[in-house]
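Please work from the sequences and hints to get the whole structure.
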Amino acid sequence: MHTYKIWGKEDRLILGNNVHLNNAMINTVSGSIYIGDNTFLGHGVSLLTGTHDYRKTGLERQSEVPIDGRDIIIGKGVWIASNALIIGPCEIRDNSVIAANSVITGVIEEGCVVSTINEIKKKKIRFN
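The letter at position 126 of the sequence shown is residue 126 when you use UniProt numbering, and the numbering goes up by one with no holes.
Keep in mind the hints are simulated off the structure, nothing from the lab.
For clarity, every value in this text was computed on a predicted model and none was experimentally measured.
C-beta atoms are modelled at their ideal positions from N, C-alpha and C, and glycine is treated no differently.
Each hint should be verified, as a subset may be incorrect.
[To be verified] The calculated lysine to any residue pairs, modelled on SDA-like cross-linking and capped at a C-alpha distance of 20 Å, are:
no. : residue 1 : residue 2
1   : K76       : D53
2   : K76       : T51
3   : K5        : E110
4   : K56       : H43
5   : K9        : T51
6   : K9        : N38
7   : K76       : I14
8   : K5        : D53
9   : K124      : V97
10  : K56       : N38
11  : K124      : E110
12  : K9        : I87
13  : K76       : I117
14  : K9        : E109
15  : K123      : A99
16  : K76       : N38
17  : K56       : W79
18  : K123      : N101
19  : K5        : N22
20  : K76       : N18
[What the hints assert, rightly or not] Simulated restraints on C-beta separations:
no. : residue 1 : residue 2 : range
21  : N18       : V103      : 38 to 46 Å
22  : Q62       : F127      : 41 to 49 Å
23  : P66       : I125      : 40 to 48 Å
24  : Y34       : G58       : 32 to 40 Å
25  : E10       : F40       : 34 to 42 Å
26  : N23       : D94       : 34 to 42 Å
27  : Q62       : K124      : 36 to 44 Å
28  : T105      : T3        : 25 to 33 Å
29  : N83       : K9        : 21 to 29 Å
What follows is the structure, given as structure tokens:
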């Protein structure tokens, strides 16, 4: 239950201290993944740098994959809830929360709660 799987080069996964990945699916085929200290993932999270060219057909669509340029950077103290899908290129800045089942691309600012279920919702966290 706490065994993550990597598709691609393992040395492209760079982890900070006290990071918990649970059973994440990690794809490093098209970029590196950097995860900051004290970040944790719920079950079934996917971190995907890989992509395919949808303009191709047949075997070309499957085999033509970029080797870089689609990094995922996850800051410190981030919580990514179960079954979220993070697609590179993407940056999730410190202390943000990604809701379960969300699909995330682009930049998520520091200290935001983000849910992409039904509609995109972003709000700042008011820390105590």
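Evaluation of the provided hints:
no., hint, verdict
1, K76 - D53, "violated, 32 Å"
2, K76 - T51, "violated, 26 Å"
3, K5 - E110, "violated, 27 Å"
4, K56 - H43, "violated, 33 Å"
5, K9 - T51, "holds, 15 Å"
6, K9 - N38, "violated, 23 Å"
7, K76 - I14, "holds, 13 Å"
8, K5 - D53, "violated, 24 Å"
9, K124 - V97, "holds, 10 Å"
10, K56 - N38, "violated, 40 Å"
11, K124 - E110, "holds, 8 Å"
12, K9 - I87, "holds, 17 Å"
13, K76 - I117, "violated, 24 Å"
14, K9 - E109, "violated, 28 Å"
15, K123 - A99, "holds, 12 Å"
16, K76 - N38, "holds, 6 Å"
17, K56 - W79, "violated, 36 Å"
18, K123 - N101, "holds, 17 Å"
19, K5 - N22, "holds, 10 Å"
20, K76 - N18, "holds, 10 Å"
21, N18 - V103: 38 to 46 Å, "violated, 26 Å"
22, Q62 - F127: 41 to 49 Å, "holds, 45 Å"
23, P66 - I125: 40 to 48 Å, "violated, 34 Å"
24, Y34 - G58: 32 to 40 Å, "holds, 34 Å"
25, E10 - F40: 34 to 42 Å, "violated, 20 Å"
26, N23 - D94: 34 to 42 Å, "violated, 24 Å"
27, Q62 - K124: 36 to 44 Å, "holds, 41 Å"
28, T105 - T3: 25 to 33 Å, "holds, 26 Å"
29, N83 - K9: 21 to 29 Å, "holds, 25 Å"
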